[in-house]
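Start from the sequences and build out the full structure, keeping to the hints where you can.
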Amino acid sequence: MADVLRLKGYPLAAAMMAAAVGAFVLLQATQRNSQAPSAAVAPSGDDHGRSAATPEAIPMSGLRDVFWRVFHEVLDDRVTLIAAGVTFYLLLALFPALTALVSLYGLVADPITISEHLRELAILLPPGAFDLLADQLKALVEKRDSTLGITFFVGLGIALWSTHSGTLAIFDAMNVAYEEKEKRSLVRLNLIGLCFTLCAVIFAVVVVALMGVMPVVLSYLWLDQFKEHMALLLRWPLLLLVIVVAVTLVYRFGPSREPARVRWMTWGAVLTALACAGMSLGFSFYLEHFANYDATYGTLGALIGFLIWIWLSVVILIVGAELNAELEHQTARDTTTGHPLPMGARGAYVADTLGEIVS
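Counting from 1, position 107 in the sequence shown corresponds to residue 292 in my numbering; the numbering is continuous, with no gaps.
These are calculated hints, taken from the structure and not from any lab test.
Restraint-style ranges between C-beta atoms, simulated for each label pair:
id, residue 1, residue 2, range
1, Arg-263, Asp-320, 30 to 38 Å
2, Leu-526, Leu-418, 44 to 52 Å
3, Ala-319, Thr-538, 47 to 55 Å
4, Met-528, Val-430, 25 to 33 Å
5, Leu-276, Arg-448, 32 to 40 Å
6, Leu-276, Phe-337, 21 to 29 Å
7, Met-415, Phe-280, 35 to 43 Å
All C-beta atoms, glycine included, are put in the ideal place defined by N, C-alpha and C.
Structure representation (C-alpha cells):
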C-alpha cells in the first residue's frame, strides 16, 4: 500500500485534487441552494446574472458570457507575453529570495536541513529544478553568517529589496487583468511590495518547516504504517488550502483598486491552485517521458524547464485574475468592500462597469 501511495507522487496528488474539486463543487452547490429564495426577487428578464450578489448566483447564460470575455481578454491582454515578462523578474528575484529564505530559516531550524525538507516539495517541480535550487541553497548555507548582528539584517534587507521586484511585476500583471492603472504612490507601492515579499518568505519558511517536521513528529506517535501514510497525505490538501489563501492575497493586494469581497476572488484562487497542481504534475510527466531539454540545451536544460514551469504558473495566475475580474464585470451589484455604492463610485473598473453580453 505504501509503495502505491508513493509511486511518483501522482496517485496521491490526483487524490488530493479530486478531493479538492469535490469539496469545491459541493461548497458551490450548497451556497447556490442557500441563495435560492433570493433568486425569486430578481428583476424579470435578468437571466444573465446582472443582479447576482455572489458568483454562485450567476446563471449558466451569464457564466457563458464570463467564459467568452475571459477568452478574449486573455488574447487582447497578451497574457502569455505579460507572463514572460513577470517570469524574467521572478527569475531575477529567485536567488535573492533563496538568500532571504536561508537567513530566516536559520532562525527556526538548522539551515543545513533545508534542502532535505524542500525535497518533499520536489514532486511539484519539473525534473532537475530541485537539484538546481538545492545546489544554490547549499552554497548559501556554507557562506551564511549565523550571527544576529547588523550584517545579518543588512543582508536580509538587501535580499528582500532585490526580491520585491518580482512581487511588483506580479502586481503589474494584476493591474492588466483587472483593467486598472497604477494609482498608488511610489512609496506606498514599494512598502506593500516589501511587506508582501517578507510575508511570502516567512510563508515559505513555515511550509518547508512543516513539510520536514511533520514526518518526524509522526514517527514518535507509534502509528502503524498505513495510518502514518494517511496522516502524511493530509499535508497536501493543507498545502493546497494555503496556496489558495496565498493566491487570494495576491488578487486582494495586487491590483490598484478598491478591494473586492473575498467571495469574488474565491473562484479564481481555487481554480488557479488546482490548475497549477495539475500543470506541475503534467509538465513533469511530459519532461520525464517525452521532452529532452538536456539534449537541446545541454547543461541549461534544467534551467529552461524551470523557466517554462514558472511561466506556465504565472499564466495560470493571470488567467485566474481575469476570471475573477469578469465575474465581477457580470453583475451590477457592488462587489467591493464597505457599504454598497452606485456604479461609477466604487473605485474599480470591473465593479463600475458592466461586461458585454456575448451569448
